Amino acid sequence: MAFSVLNRKPDSGLGNVRSSPGDPSRNVDWILLLGQSILVVIGCLTVYSASRTKGVDQPYEFLFAQRQVVFVIIGAVAMAFVMSLDYGWLRERAKFFYGLTIVSLVLVFLLAKVSNGAQLSFDLGPINLQPAEFAKVTVLLALAAFLSEDSSDSVSYERFIGALWLGGIPTVLIILQPDLGSASVLVALIMGLLLVAGAKAKYIAMITLLALTTVGAAVLSGLVNSYQTTRIRAWLNPNSTDENLRSFIFQGKNALRATATGGLTGKGWLTAPITNTKGDIPVQWADFPFSAIGEQFGLLGCAVLIGLFGIVLFRIWRIAHLSRDLLGTYICAGVFTMLLWQVFQNVAMTLGLMPITGLPMPFISYGGSGIVTYFVLFGLVQSVHMRRMR
Amino acid sequence: MAVDKRAARLGALALVSVILLGAIGARLWFLQTVQRDALQNQVLTSQRRTQMLPAERGRIFDAQGRILADNRRTITVTVDRAVIRRSSNRTTLFTRLSGILGVPVEEMERRWESGRYSQYLPLPIAEDVAEDTVLRIESRSEDYPGVHGDEDWARVYPYAPLASHVIGYMGLILKEQEAQYKALGYQNDDTVGQFGIEKSMESVLHGTPGQVVYEVDTANRVVREVSRIDPVPGKDVQLTIDLKMQQYTERLLETQLEAKRQTTDIKAMAKNPRVKDPADGQFKPKFTNEHWYVDDVGDQYLPYPAPAGSMVIQNYRTGQIVAMASYPTFDNRWFTINLTGAKFKQLFPNDKNPDKSILVNRAIQGQYNMGSTFKPFVAYAAMLNGVITKDTVYTDVGSYVLNIDKSLCNEGVRCEYFNAISSGTGKPAEYGPVRVEDALAVSSDAFFYRIGELMHEADPSRNLLGNTVRLFGFGADTGIDLPYEFNGRIPTSEVKKELIASGALKKTESPNLLLGDNVQLAIGQGLLAATPMQLANAYSTLANGGFLLRPHIVKAIWQPGVPDGFPGYGDFSKATLVTSFDAPEVKQQLELPSSIANPIVRGLTRVIRGPGTVYKGYNHDTTGFTVFANYPYDSLNIAGKTGTAQGAMSKPWFDSSVFAGFSLNAPDKPYTVVSYLEKAGYGAKASAPAVKCVFEALAGQNVLDEVQMSDPLDPTSLVPAPSNTLADSTCLNGKYDNLIRD
Numbered sequence: 110m111a112f113s114v115l116n117r118k119p120d121s122g123l124g125n126v127r128s129s130p131g132d133p134s135r136n137v138d139w140i141l142l143l144g145q146s147i148l149v150v151i152g153c154l155t156v157y158s159a160s161r162t163k164g165v166d167q168p169y170e171f172l173f174a175q176r177q178v179v180f181v182i183i184g185a186v187a188m189a190f191v192m193s194l195d196y197g198w199l200r201e202r203a204k205f206f207y208g209l210t211i212v213s214l215v216l217v218f219l220l221a222k223v224s225n226g227a228q229l230s231f232d233l234g235p236i237n238l239q240p241a242e243f244a245k246v247t248v249l250l251a252l253a254a255f256l257s258e259d260s261s262d263s264v265s266y267e268r269f270i271g272a273l274w275l276g277g278i279p280t281v282l283i284i285l286q287p288d289l290g291s292a293s294v295l296v297a298l299i300m301g302l303l304l305v306a307g308a309k310a311k312y313i314a315m316i317t318l319l320a321l322t323t324v325g326a327a328v329l330s331g332l333v334n335s336y337q338t339t340r341i342r343a344w345l346n347p348n349s350t351d352e353n354l355r356s357f358i359f360q361g362k363n364a365l366r367a368t369a370t371g372g373l374t375g376k377g378w379l380t381a382p383i384t385n386t387k388g389d390i391p392v393q394w395a396d397f398p399f400s401a402i403g404e405q406f407g408l409l410g411c412a413v414l415i416g417l418f419g420i421v422l423f424r425i426w427r428i429a430h431l432s433r434d435l436l437g438t439y440i441c442a443g444v445f446t447m448l449l450w451q452v453f454q455n456v457a458m459t460l461g462l463m464p465i466t467g468l469p470m471p472f473i474s475y476g477g478s479g480i481v482t483y484f485v486l487f488g489l490v491q492s493v494h495m496r497r498m499r
Numbered sequence: 048m049a050v051d052k053r054a055a056r057l058g059a060l061a062l063v064s065v066i067l068l069g070a071i072g073a074r075l076w077f078l079q080t081v082q083r084d085a086l087q088n089q090v091l092t093s094q095r096r097t098q099m100l101p102a103e104r105g106r107i108f109d110a111q112g113r114i115l116a117d118n119r120r121t122i123t124v125t126v127d128r129a130v131i132r133r134s135s136n137r138t139t140l141f142t143r144l145s146g147i148l149g150v151p152v153e154e155m156e157r158r159w160e161s162g163r164y165s166q167y168l169p170l171p172i173a174e175d176v177a178e179d180t181v182l183r184i185e186s187r188s189e190d191y192p193g194v195h196g197d198e199d200w201a202r203v204y205p206y207a208p209l210a211s212h213v214i215g216y217m218g219l220i221l222k223e224q225e226a227q228y229k230a231l232g233y234q235n236d237d238t239v240g241q242f243g244i245e246k247s248m249e250s251v252l253h254g255t256p257g258q259v260v261y262e263v264d265t266a267n268r269v270v271r272e273v274s275r276i277d278p279v280p281g282k283d284v285q286l287t288i289d290l291k292m293q294q295y296t297e298r299l300l301e302t303q304l305e306a307k308r309q310t311t312d313i314k315a316m317a318k319n320p321r322v323k324d325p326a327d328g329q330f331k332p333k334f335t336n337e338h339w340y341v342d343d344v345g346d347q348y349l350p351y352p353a354p355a356g357s358m359v360i361q362n363y364r365t366g367q368i369v370a371m372a373s374y375p376t377f378d379n380r381w382f383t384i385n386l387t388g389a390k391f392k393q394l395f396p397n398d399k400n401p402d403k404s405i406l407v408n409r410a411i412q413g414q415y416n417m418g419s420t421f422k423p424f425v426a427y428a429a430m431l432n433g434v435i436t437k438d439t440v441y442t443d444v445g446s447y448v449l450n451i452d453k454s455l456c457n458e459g460v461r462c463e464y465f466n467a468i469s470s471g472t473g474k475p476a477e478y479g480p481v482r483v484e485d486a487l488a489v490s491s492d493a494f495f496y497r498i499g500e501l502m503h504e505a506d507p508s509r510n511l512l513g514n515t516v517r518l519f520g521f522g523a524d525t526g527i528d529l530p531y532e533f534n535g536r537i538p539t540s541e542v543k544k545e546l547i548a549s550g551a552l553k554k555t556e557s558p559n560l561l562l563g564d565n566v567q568l569a570i571g572q573g574l575l576a577a578t579p580m581q582l583a584n585a586y587s588t589l590a591n592g593g594f595l596l597r598p599h600i601v602k603a604i605w606q607p608g609v610p611d612g613f614p615g616y617g618d619f620s621k622a623t624l625v626t627s628f629d630a631p632e633v634k635q636q637l638e639l640p641s642s643i644a645n646p647i648v649r650g651l652t653r654v655i656r657g658p659g660t661v662y663k664g665y666n667h668d669t670t671g672f673t674v675f676a677n678y679p680y681d682s683l684n685i686a687g688k689t690g691t692a693q694g695a696m697s698k699p700w701f702d703s704s705v706f707a708g709f710s711l712n713a714p715d716k717p718y719t720v721v722s723y724l725e726k727a728g729y730g731a732k733a734s735a736p737a738v739k740c741v742f743e744a745l746a747g748q749n750v751l752d753e754v755q756m757s758d759p760l761d762p763t764s765l766v767p768a769p770s771n772t773l774a775d776s777t778c779l780n781g782k783y784d785n786l787i788r789d
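As you go down the protein sequences, you meet chains A and B in turn.
Note that the numbering used here has the first sequence beginning at 110, numbered continuously upward.
Note that the numbering used here has the second sequence beginning at 48, numbered continuously upward.
Hints were generated in silico from the structure; no laboratory data involved.
These figures come from a predicted structure and were not determined experimentally.
Where hints are given, some of them may not hold.
Quick list of in silico lysine-lysine cross-link-like pairs, DSS-like style, CA-CA up to 25 Å [to be verified]:
1) Lys403/B - Lys390/B
2) Lys311/A - Lys52/B
3) Lys52/B - Lys309/A
Ranges between beta-carbon positions, derived for each pair [stated by the list, open to error]:
4) Ile278/A - Thr97/B: 45 to 51 Å
5) Thr80/B - Ala189/A: 41 to 47 Å
6) Val625/B - Thr374/A: 55 to 61 Å
7) Glu262/B - Thr374/A: 20 to 26 Å
8) Thr374/A - Val260/B: 25 to 31 Å
9) Val260/B - Leu409/A: 29 to 35 Å
10) Pro610/B - Thr374/A: 58 to 64 Å
11) Ile140/A - Thr80/B: 27 to 33 Å
12) Ile140/A - Ser135/B: 44 to 50 Å
13) Asn136/B - Ile278/A: 39 to 45 Å
14) Ser135/B - Ala189/A: 41 to 47 Å
Some chain A residues close to chain B (C-beta under 8 Å, calculated; not the full set) [claimed, not checked]:
15) Ala189
16) Gly301
17) Gly371
Where is the CB? At the ideal position from N, CA and C, for every residue including glycine.
Make the full structure from the sequences, and use the hints.
Dropping the structure here:
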């Protein structure tokens, strides 16, 4: 049941053999948790190293690192809460959360119209709430719930279209914010889930085509904010001298250089020229933390980081197999896909393989909403793992 | 079954993740191993700051070592381009700098936009900034990131405005010059010589700029110096100009022109001639004008406008120029301060009237008729080609009638040419039987008209006279080491065709060289055009026995760093010579046997000392006799020739006054002096006295003032140069009655 953790009998000495092996509290995936914790610690340290000398109005060097730790604590609390729930319980609440997300996205959109700018978040004083981040959780749940209603092997056409609608609406709302990065994560989510759920290959090909044409149409029709197309153009023309593209080209080039000049073993913790001085990568701790790792710790450091993500991904993937029901599998597949895509996009962005989108790296980048979201997602995965035997 | 398929799909998902992570891994490996060094270099270059070290420009000295052009160290404030790439940063920084530098933000933005300044070097935003301002800026590098004071040079002219046309001035590279200077390694925002010696000796004076590369941290503070190439200063140039003589000449020129303009003595003015009115047979004044001076008998007079002129003093043994003055003159220090466009237009108005041109060296750019000063060369041409001998006699009866078909005379062809009016008889002067020597002494036009006709007939191509006078350097560049020299014009049929095509000559004019053209050429009028420098050089050829020399103003080139001697002087005894140009450069040697030279020189001597000719009981003085009446021949013997270049529309007050003279039998003072005063009267009226003064000074009779270094330029002044006249102008005074318009 939901709060069984709190009703646990006191320890009787022999490793608490009173509780059954299937007791959720004994089935936390420790490797996953450990991997996540290491990532989080690396994240806090990276934010510290990248931000200590840079913030223009920064009162002191620990400011951002400190805030990151606070976010982590909040995230941990949220995660613990989610873990203690049976994810099946959330199935019923999925519709509610989904509706809330749509409302908040629409609200943000209207606020953007009013304030005539890009609006990605609600500015509630010290906290910025980014609905796009939470959308990841709620859309995941809604989609997973929707798809798992049908336990057949393949996805019927109606269900397919339904999934598209379900995922498509928040995606479009997010594109209009404009936040192509987060939108792309949702698109990846939809595609991953459909793949795992058994959508026919031709359907998948169809939506890929659809996605590309919608993006193309949105860009050409000017519906998409020129801000975003600027980033794509800056990525495609790295040698352009266009004034508008300059800051993106500049950022991208420096992030690339910072990463690359790290070489094999990096330039050393806190002694790397670009990262640890008033360098030329603005807001490096949020958008390009990978470059900070690359410059300071080189190829080995990057390999370690990617390896950690690999391990974490593997564990999630394994839990997908072990899940007791379809919902759990879909939840894990969704988290897997989103994590994979977000890591890939952030690294590719740093290395110049993709346009700069401002998508943060999970657990490493500075940013409250991102941290909390991924903690919650991992909490869901843990929850699936913990209850796999039920 | 369901689970297996799902497992397979999960497997597919895993495969996708492996591919993506693998791609990242591969790219990372590539970047951090293979490309690392290349990218490292890029990081380093973006962390380097290059600073140009401008070279000190060569100095310019006069013959005695006076420093005519010097340099002073200045500081130029520059901004690193990386700092101001973003327009928001740029506006902030420029606004902050604008107050402390006193440069408007628009000016800084204009420089940023302008393609003139190299993209690879910091942007210069203010030149010649005070040192304490620069210190203030550099000590507050947080407020002014990337702003530095770089060392630079500014040009100084201690003796300005003396010899300003010769020294010249500098200016920014013009659009049309960009390609040429870029090929020589200049930056687009460099200043180069644009006039005078500064221009003609640019390659010598320029030197080679150096460069220093600093490694900077990301806050743009210098970490260390990476490399340095020291600048090579330009070589110093010594001119042949004697500044004391130059000062005297410039003052003399201005004084004489002013005297002509401001005279109230009717005898010194131009007379409105009377012509017979065909209607009633009365003699009426030919021209109308409102402001006549009228004499007792009702004749009208007008002062000469005398707006401009030039003088040249040349050493005829070496070809070196001792002094070269051009009026109106200017202070070349105007070009060392930042003049606004409006101020420039105020000082140097773009007037269509050529009388008012200031930035023109009339000594080498003037395109003038020479009048009778051309006659000695015509005499040479006639004797050389055997058309006449020194003993050929012609009876001058006051006019010359062309030996052509009389029917043409009524069809607008001019058939009768007259001598100048004798003030004694009021009619064209009749000189009687004259040989070439006499004809030169009294300036008999009829004698030379005849030569013109004889030479025209002697050669079917009609070019005999023209080609022979070319031996003296007319019709071609003298080769003087100054820019913008006019090469002169000897009439040929090609020249006439061009002039008809351009509209300078009427369309009805024949494109062939006519008799009338040669006749006009024989007395130095018509389509002939020459510069005062060409005239001086031609007389020098006559004076030195037939060697056509290249005139030059540069005496020597010295290694950079000629040390200072007395204040205002350089000390050549401690300097290292590179090249000396003391030796004369002979372009051509003319055949000048004594049978030809003697009559010419004797005639020219008689111009100064007399005697003239007597005919029909009338004594005709030579044209220069009255003017040189109290000249000290024993101190410095001279010969010379007057000339009056006919003015536009034959208006007498547009006659230009010419005189050329040279010293005789004076091996230590071998000088040719030429004066050309535009619209200043007969040769004897204005230029002859001026040349007399110069020879008196050369003889030691007139004392020359010492040259002082100038007071600083007054930037509020409204004139290009302050008035500079002789304190003692008594040498210009004299009797100028009964002068002849020759």
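Indicate whether the distance between the beta carbons of Thr374/A and Val260/B respects the range 25 to 31 Å. holds (29 Å)
CB-CB spacing for Thr374/A and Glu262/B relative to the 20 to 26 Å hint: Holds: the Cβ-Cβ distance is about 23 Å, inside 20 to 26 Å.
Proposed proximity, Lys52/B with Lys311/A (alpha carbon, max 25 Å): Measuring from Cα to Cα gives roughly 17 Å; hence the hint holds.
Within 44 to 50 Å: is that where the Cβ-Cβ distance between Ile140/A and Ser135/B falls? For Ile140/A and Ser135/B the Cβ distance comes to about 49 Å; the hint holds.
Per the hint of 45 to 51 Å, is the separation of the Cβ atoms of Ile278/A and Thr97/B within bounds? violated (56 Å)
Taking 29 to 35 Å as the stated bounds, is the beta-carbon spacing between Val260/B and Leu409/A within them? Between Val260/B and Leu409/A, where Cβ atoms are some 34 Å apart, the hint holds.
At the C-beta level, are Ser135/B and Ala189/A separated by a distance inside 41 to 47 Å? holds (45 Å)
Assess, step by step, whether the Cα of Lys403/B is no farther than 25 Å from the Cα of Lys390/B, and give holds or violated. holds (17 Å)
Pro610/B versus Thr374/A beta-carbon gap, inside 58 to 64 Å or not: holds (59 Å)
Under 8 Å is the threshold here; is the Cβ of Ala189/A close enough to any Cβ of chain B for the hint to stand? The hint is violated - Ala189/A has no Cβ within 8 Å of chain B, the shortest such distance being about 28 Å.
Please check whether Gly371/A passes as an interface residue: C-beta within 8 Å of a C-beta belonging to chain B. Given a least distance of 6 Å, the restraint on Gly371/A holds.
Do the beta carbons of Asn136/B and Ile278/A sit within 39 to 45 Å of each other? 41 Å Cβ-Cβ, so the 39 to 45 Å window holds.
When each numbered hint is compared with the structure, violations occur for hints 4, 15.
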